[in-house]
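Colleague: Line by line, the protein sequences give chains A and B. Mind the numbering: the first sequence is residues 1 to 467 in the UniProt record's numbering, read in order. Mind the numbering: the second sequence is residues 1 to 467 in the UniProt record's numbering, read in order.
These are calculated hints, taken from the structure and not from any lab test. Among the hints, a few may not be true.
Note that the list lumps identical chains together, so a pair holds whenever it fits in one copy or between two copies.
DMTMM-like mimics (lysine to aspartate or glutamate), calculated; alpha carbons at most 25 Å apart, straight line [stated by the list, open to error]: (1) Lys207 - Glu329; (2) Lys227 - Glu11; (3) Lys328 - Glu64; (4) Lys78 - Glu329; (5) Lys36 - Asp406; (6) Lys79 - Glu329; (7) Lys78 - Asp27; (8) Lys95 - Glu220; (9) Lys457 - Glu92; (10) Lys234 - Glu289; (11) Lys356 - Asp132; (12) Lys403 - Asp361; (13) Lys78 - Asp190; (14) Lys360 - Asp224; (15) Lys70 - Asp190; (16) Lys207 - Glu64; (17) Lys124 - Asp134.
Number of protein chains: 2
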Amino acid sequence: MDKYFVNLEGETPKYVIITKHIKKLIDTNNIEDGEKLPSIRSLSKFLKVNNVTIVNAYKKLQNEGYAVQKMGSGSYAKKKDITKNFRKEYSEALKKIAGKAMQEYIDFTGETPSNNFFPVQSFKDVLNEVLDRDGAEALIYQEALGYEGLRTSISEVFWNKNIKSDNILIVSGAQQGIDIVSKALINTNDSVIVEKPTYSGALSVFKWRRANIYEVPMEENGIDIDKFEKILKKNNIKCFYTMSYFQNPTGMSYSIRKKQQILNLAEIYDFYIIEDDYLAELIYDKRIEYKSFKSLDKNDRVIYIKSFSKIFLPGIRIGYLIPTARFKESIENSKINTDISTSSLMQRALDLYIRKGLWKDYMSNLNEIYKSRYLLMESYIKLYLEDKIEFISPGGGINFYLKIKDFIDMDSIQLFRKAKNKNVLITPGTLFYKNPLEGKRYFKIGFSQIDEDSMKKGLNIINELLE
Amino acid sequence: MDKYFVNLEGETPKYVIITKHIKKLIDTNNIEDGEKLPSIRSLSKFLKVNNVTIVNAYKKLQNEGYAVQKMGSGSYAKKKDITKNFRKEYSEALKKIAGKAMQEYIDFTGETPSNNFFPVQSFKDVLNEVLDRDGAEALIYQEALGYEGLRTSISEVFWNKNIKSDNILIVSGAQQGIDIVSKALINTNDSVIVEKPTYSGALSVFKWRRANIYEVPMEENGIDIDKFEKILKKNNIKCFYTMSYFQNPTGMSYSIRKKQQILNLAEIYDFYIIEDDYLAELIYDKRIEYKSFKSLDKNDRVIYIKSFSKIFLPGIRIGYLIPTARFKESIENSKINTDISTSSLMQRALDLYIRKGLWKDYMSNLNEIYKSRYLLMESYIKLYLEDKIEFISPGGGINFYLKIKDFIDMDSIQLFRKAKNKNVLITPGTLFYKNPLEGKRYFKIGFSQIDEDSMKKGLNIINELLE
Numbered sequence: 001m002d003k004y005f006v007n008l009e010g011e012t013p014k015y016v017i018i019t020k021h022i023k024k025l026i027d028t029n030n031i032e033d034g035e036k037l038p039s040i041r042s043l044s045k046f047l048k049v050n051n052v053t054i055v056n057a058y059k060k061l062q063n064e065g066y067a068v069q070k071m072g073s074g075s076y077a078k079k080k081d082i083t084k085n086f087r088k089e090y091s092e093a094l095k096k097i098a099g100k101a102m103q104e105y106i107d108f109t110g111e112t113p114s115n116n117f118f119p120v121q122s123f124k125d126v127l128n129e130v131l132d133r134d135g136a137e138a139l140i141y142q143e144a145l146g147y148e149g150l151r152t153s154i155s156e157v158f159w160n161k162n163i164k165s166d167n168i169l170i171v172s173g174a175q176q177g178i179d180i181v182s183k184a185l186i187n188t189n190d191s192v193i194v195e196k197p198t199y200s201g202a203l204s205v206f207k208w209r210r211a212n213i214y215e216v217p218m219e220e221n222g223i224d225i226d227k228f229e230k231i232l233k234k235n236n237i238k239c240f241y242t243m244s245y246f247q248n249p250t251g252m253s254y255s256i257r258k259k260q261q262i263l264n265l266a267e268i269y270d271f272y273i274i275e276d277d278y279l280a281e282l283i284y285d286k287r288i289e290y291k292s293f294k295s296l297d298k299n300d301r302v303i304y305i306k307s308f309s310k311i312f313l314p315g316i317r318i319g320y321l322i323p324t325a326r327f328k329e330s331i332e333n334s335k336i337n338t339d340i341s342t343s344s345l346m347q348r349a350l351d352l353y354i355r356k357g358l359w360k361d362y363m364s365n366l367n368e369i370y371k372s373r374y375l376l377m378e379s380y381i382k383l384y385l386e387d388k389i390e391f392i393s394p395g396g397g398i399n400f401y402l403k404i405k406d407f408i409d410m411d412s413i414q415l416f417r418k419a420k421n422k423n424v425l426i427t428p429g430t431l432f433y434k435n436p437l438e439g440k441r442y443f444k445i446g447f448s449q450i451d452e453d454s455m456k457k458g459l460n461i462i463n464e465l466l467e
Numbered sequence: 001m002d003k004y005f006v007n008l009e010g011e012t013p014k015y016v017i018i019t020k021h022i023k024k025l026i027d028t029n030n031i032e033d034g035e036k037l038p039s040i041r042s043l044s045k046f047l048k049v050n051n052v053t054i055v056n057a058y059k060k061l062q063n064e065g066y067a068v069q070k071m072g073s074g075s076y077a078k079k080k081d082i083t084k085n086f087r088k089e090y091s092e093a094l095k096k097i098a099g100k101a102m103q104e105y106i107d108f109t110g111e112t113p114s115n116n117f118f119p120v121q122s123f124k125d126v127l128n129e130v131l132d133r134d135g136a137e138a139l140i141y142q143e144a145l146g147y148e149g150l151r152t153s154i155s156e157v158f159w160n161k162n163i164k165s166d167n168i169l170i171v172s173g174a175q176q177g178i179d180i181v182s183k184a185l186i187n188t189n190d191s192v193i194v195e196k197p198t199y200s201g202a203l204s205v206f207k208w209r210r211a212n213i214y215e216v217p218m219e220e221n222g223i224d225i226d227k228f229e230k231i232l233k234k235n236n237i238k239c240f241y242t243m244s245y246f247q248n249p250t251g252m253s254y255s256i257r258k259k260q261q262i263l264n265l266a267e268i269y270d271f272y273i274i275e276d277d278y279l280a281e282l283i284y285d286k287r288i289e290y291k292s293f294k295s296l297d298k299n300d301r302v303i304y305i306k307s308f309s310k311i312f313l314p315g316i317r318i319g320y321l322i323p324t325a326r327f328k329e330s331i332e333n334s335k336i337n338t339d340i341s342t343s344s345l346m347q348r349a350l351d352l353y354i355r356k357g358l359w360k361d362y363m364s365n366l367n368e369i370y371k372s373r374y375l376l377m378e379s380y381i382k383l384y385l386e387d388k389i390e391f392i393s394p395g396g397g398i399n400f401y402l403k404i405k406d407f408i409d410m411d412s413i414q415l416f417r418k419a420k421n422k423n424v425l426i427t428p429g430t431l432f433y434k435n436p437l438e439g440k441r442y443f444k445i446g447f448s449q450i451d452e453d454s455m456k457k458g459l460n461i462i463n464e465l466l467e
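With these hints in hand, go ahead and build the complete structure from the sequences.
Modeller: Written out as structure tokens, the structure is:
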């Protein structure tokens, strides 16, 4: 108890002094992570203060993430999130190679198409055309919903006018889409269902909203519907976050039947579907039909989010969102409260780019290139790794999600570290689960930044490491 | 009670059916706003269901904003926020004039400098120079902290290198700055102090974080320190949001002494200061010295937010943020979770614009133009309105905040409506208070979009309406 002693004289309120003192003890490891803090009664007695002072101090510690309260059992010290550590290690490894030449590293972590294929020159031309055409307008005008022209293009080119331009909201990429939808829909203690595993950027947003997060395992054609419905029966679910095509990280896509089942459940159990349609342009397997949740939605249940930055120029930070009628106003207000509006010039340039048919050309070009890479990657994985890993071919996208076979005595974090030492970068599955440990047997490899030679070399190295 | 009857057969969970039914009753005014809902016991008896079913239904209503629970007294119906209505009327009036020619309306609601003064041509030239210089980089590369070059420029030009470029985070405007800082600092039930009145966009964000909001009245040289400290003494305050120069809407600026007092209090009561430095470039009264809270901060207490969109080209959506060391990591993560990063091309262009000295030229030009407008406006207000309104000259910025004298039998919402009918637009004070009614005697008029003729004409009309 002695370490809790602190001088309480002076004009600072006593509870603030006590809080500061305990924070210091935790930061310096004089109180261990998870250590039980003294009871309110005993600490107030020891420091000769009111019970209320200690209650306030513990509340403040809790607010600042330095303590957790367990019902009926007292307060416990909490050091900053420990699972964060690997995330840090991972992002530092990525930063390290960001400046390096392609030849030095074999980078299987790429999340966007390679720079080599980006239509930089034609986009520059379009940008200049817009500056000449619109002048000041393009730099000054702010439109809360987004540039009218772009919204019309999206309505015509991507939705065959089935979605009106007034129902389209331009956002600064899919991540912002998820953030503003969450702000409009999800409050503290609301319940959200996500796929397991899922995109870590979405998990972070839901955690930040202090939602209760339920995970439902992904299967080959979508989530496990039985487990999904069990959760729906027991809990008041607000929304379900899903990536309908080439789900990140598993690469799996929903069957149309499963989408319809989920839409029915949404109506029965009164929840909403947040559809993150992030990669559907890259379908290689012709058996996969493109029909989004949104296009199947008859009951105003689906909020649709689409990123252009994921597959086009990442630096332009543009995407769009189609709200449900019910949340239209609150989602639009959420956008305004988040950053007023998205940069107008880029929207105008993208609009012109789409109108000129350049978007379509770029996509079909990209589709062709990546389809052959995909097939190569698939065959090399089979050739080099088949006895050590299990996987299902996604039929599209830019990633494979591999499971290390049970008999191999190495998890994906160990593999990540060993591979990194050999200048090969992979993404361990731990990043995609609420409980990171559940991803220990999995890793993701993407081929978007990799040519054939590096592909072979890299997979060979992974093979050797898994021996 | 009869109106509560609903058929509970079918596969939809009973509590969902009941919730839907009650929502409909509220939406259709069959249950009034504020009407007490039946007790759990009586409704469960009436509908022949378990108590738990009604508890779940009421919880769901509450989550969706259709009911509030009052401790020990039961649940009450809630219609969507009624104070929203005027906000809507106001923004619709603004939208209506957005497309019109300047001659048709006299617009005192302008929040940004007039388009006529924007350096569109020189910014376009700079944009093209960047596209030629950086090519693909400018459209592809994403930097979480923001473009290194721009962060260095900001460090050198605005902070004399006293703030390192690593401590600068580029954001998409001040509104985003407030949003991401709030996400990193403020959780449900945390307490925040704001100035009264204050910027409505900040109020919205704090409400959305479900913070407890305390207001402290603004005086001529900053907030009322006694009232401020009283709140600090009684409550565990997490942060204080302030606009240090030409506060929105009052136009008042903090004395250096008051800033120092607040910084001391921050250390004593362990809270943080969010400084929104949105207009300090426009100082006309030479007695006002520029020294931000941040520059006076010795104890890592101030999070500084600066918008470039407010005074420069609104469409470029760029600002920056200087976190405290303690929240640096969580604020940076908050930015990533919000929208990954800000559009790179615009950052590069702004950087080059600053490096070429064009920013400085533009600012001194703007300062000169607006100083003379400010003086004109001040003299015309005195000439036309002095017997009907009270005000304090701000000595800078682009607004005046006027109080309608007590003997006049008209509030600012009435004035807004009457003025609008005469094609004159003003901003009623009601938008800037937690309790809108407190702003009923005030209105804001800005001169950024107005030439001398319209100024005279518009003030004359306001004078006549107040007769």
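Colleague: State for each hint whether it applies.
Modeller: Status of the hints after comparison with the structure:
Taking the shortest alpha-carbon separations for Lys207 and Glu329, both the intra-copy value of 24 Å and the inter-copy value of 17 Å come in at or below 25 Å. For a Cα distance limit of 25 Å, the shortest separation of Lys227 from Glu11 across copies, 17 Å, qualifies, whereas the shortest one inside one copy, 57 Å, does not. Taking the shortest Cα distances, Lys328 and Glu64 sit within 25 Å of each other only across copies (15 Å), while inside one copy they are farther apart (34 Å). For the homomeric pair Lys78 and Glu329, the shortest alpha-carbon distance between copies (18 Å) is at most 25 Å, but the shortest distance inside one copy (39 Å) is not.
For the identical chains of this complex, Lys36 and Asp406 are neighbours neither inside a copy (38 Å) nor across copies (60 Å), given an alpha-carbon limit of 25 Å. Only between protomers do Lys79 and Glu329 lie at most 25 Å apart by alpha-carbon distance; the minimum there is 15 Å, versus 40 Å within a single protomer. Within a single copy, Lys78 and Asp27 get their C-alpha atoms as close as 10 Å, which meets the 25 Å cut-off; across copies the closest is 45 Å, which misses it. When the C-alpha separation of Lys95 and Glu220 is checked against a cutoff of 25 Å, the pair qualifies neither within a copy, at 33 Å, nor between copies, at 49 Å.
For the identical chains of this complex, Lys457 and Glu92 are intra-copy neighbours only, at 23 Å inside a copy versus 61 Å across copies, given an alpha-carbon limit of 25 Å. For the identical chains of this complex, Lys234 and Glu289 are neighbours neither inside a copy (33 Å) nor across copies (62 Å), given an alpha-carbon limit of 25 Å. Both within a single protomer and between protomers do Lys356 and Asp132 lie at most 25 Å apart by alpha-carbon distance, with minima of 16 Å and 22 Å respectively. Taking the shortest Cα distances, Lys403 and Asp361 never come within 25 Å of each other, neither inside one copy (36 Å) nor across copies (60 Å).
For a Cα distance limit of 25 Å, the shortest separation of Lys78 from Asp190 qualifies both inside one copy, at 24 Å, and across copies, at 19 Å. Within a single copy, Lys360 and Asp224 get their C-alpha atoms no closer than 35 Å, and across copies no closer than 60 Å, so neither meets the 25 Å cut-off. For a Cα distance limit of 25 Å, the shortest separation of Lys70 from Asp190 qualifies both inside one copy, at 20 Å, and across copies, at 20 Å. In this assembly of identical chains, the alpha carbons of Lys207 and Glu64 lie at most 25 Å apart whether taken from the same copy (15 Å) or from different copies (19 Å).
For the identical chains of this complex, Lys124 and Asp134 are neighbours both inside a copy (15 Å) and across copies (11 Å), given an alpha-carbon limit of 25 Å.
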